[in-house]
Amino acid sequence: AQSVTQLGSHVSVSEGALVLLRCNYSSSVPPYLFWYVQYPNQGLQLLLKYTSAATLVKGINGFEAEFKKSETSFHLTKPSAHMSDAAEYFCAVSGNSGNTPLVFGKGTRLSVIA
Amino acid sequence: KAGVTQTPRYLIKTRGQQVTLSCSPISGHRSVSWYQQTPGQGLQFLFEYFSETQRNKGNFPGRFSGRQFSNSRSEMNVSTLELGDSALYLCASSLGAGTHNEQFFGPGTRLTVL
Chain A
1 AQSVTQLGSH VSVSEGALVL LRCNYSSSVP PYLFWYVQYP NQGLQLLLKY TSAATLVKGI
61 NGFEAEFKKS ETSFHLTKPS AHMSDAAEYF CAVSGNSGNT PLVFGKGTRL SVIA
Chain B
1001 KAGVTQTPRY LIKTRGQQVT LSCSPISGHR SVSWYQQTPG QGLQFLFEYF SETQRNKGNF
1061 PGRFSGRQFS NSRSEMNVST LELGDSALYL CASSLGAGTH NEQFFGPGTR LTVL
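Line order of the protein sequences matches chains A and B. So the first sequence is numbered by this note's numbering: it starts at 1 and just counts up by one. So the second sequence is numbered by this note's numbering: it starts at 1001 and just counts up by one.
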């Protein structure tokens, strides 16, 4: 069974500051890991995906995440926050067999202060 | 290429009624998954369909059902609505079977049960 824990339901950063959103996972099989972003009144958009090819994954909009098996973590970072990054971010895990459903964390709301 | 479309976008029903939500996937995508999003429970997997067959089902009561048509369009039905069914219902499509594939989400249908 898979599970995801996102530390911090709300994170606030200043414009230009580092963004760090934390995600820890639990999986009984080799995982696929995802970060999705949701803007108000919209569906989810994929930011990046880990599939075991490389531990550092680069995504869209300047985001990246590092897979650390020993820490069962997949934290999302961005060097410099923009106002447009304000949104809800979801970490998710799926087994790589494709037979296990996607399991989402509770989400972290990112606020960016001018 | 058009994205995932969901109809209707908003719906108000009363307890005991039933509702049908529709999802049209991206052209060429054969997998459709449904999710329920609520403030309390977050994003929860409902079911996945691929080539008209249900591949996976989440932990929801039998009142929640779905189907997929030969053109990959999908519908989900909720019977005997309860207040707790009020939620944003998201549909996602992908090329291949399994939620470990990149999923493209629609904007959702917001269901309010009075």
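Do not rely on the hints blindly, as some may be mistaken.
Said to hold, decoys possible - Straight-line Cα separation of at most 25 Å, DSS-like style, residue types lysine-lysine; simulated pairs:
| no. | chain 1 | residue 1 | chain 2 | residue 2 |
| --- | --- | --- | --- | --- |
| 1 | A | Lys-69 | A | Lys-58 |
| 2 | A | Lys-106 | B | Lys-1057 |
| 3 | A | Lys-49 | A | Lys-69 |
| 4 | A | Lys-68 | A | Lys-49 |
| 5 | A | Lys-49 | B | Lys-1013 |
| 6 | A | Lys-58 | A | Lys-106 |
Read the hints as simulated data drawn from the structure, not as lab findings. Predicted, not measured: the structure shown is a model, and the values here were computed from it.
Status of each hint after checking the structure:
{"no.": "1", "hint": "A:Lys-69 with A:Lys-58", "in the structure": "holds (17 Å)"}
{"no.": "2", "hint": "A:Lys-106 with B:Lys-1057", "in the structure": "holds (20 Å)"}
{"no.": "3", "hint": "A:Lys-49 with A:Lys-69", "in the structure": "holds (15 Å)"}
{"no.": "4", "hint": "A:Lys-68 with A:Lys-49", "in the structure": "holds (14 Å)"}
{"no.": "5", "hint": "A:Lys-49 with B:Lys-1013", "in the structure": "violated (37 Å)"}
{"no.": "6", "hint": "A:Lys-58 with A:Lys-106", "in the structure": "holds (23 Å)"}
Taken one by one, the earlier hints fail for this structure only at number 5.
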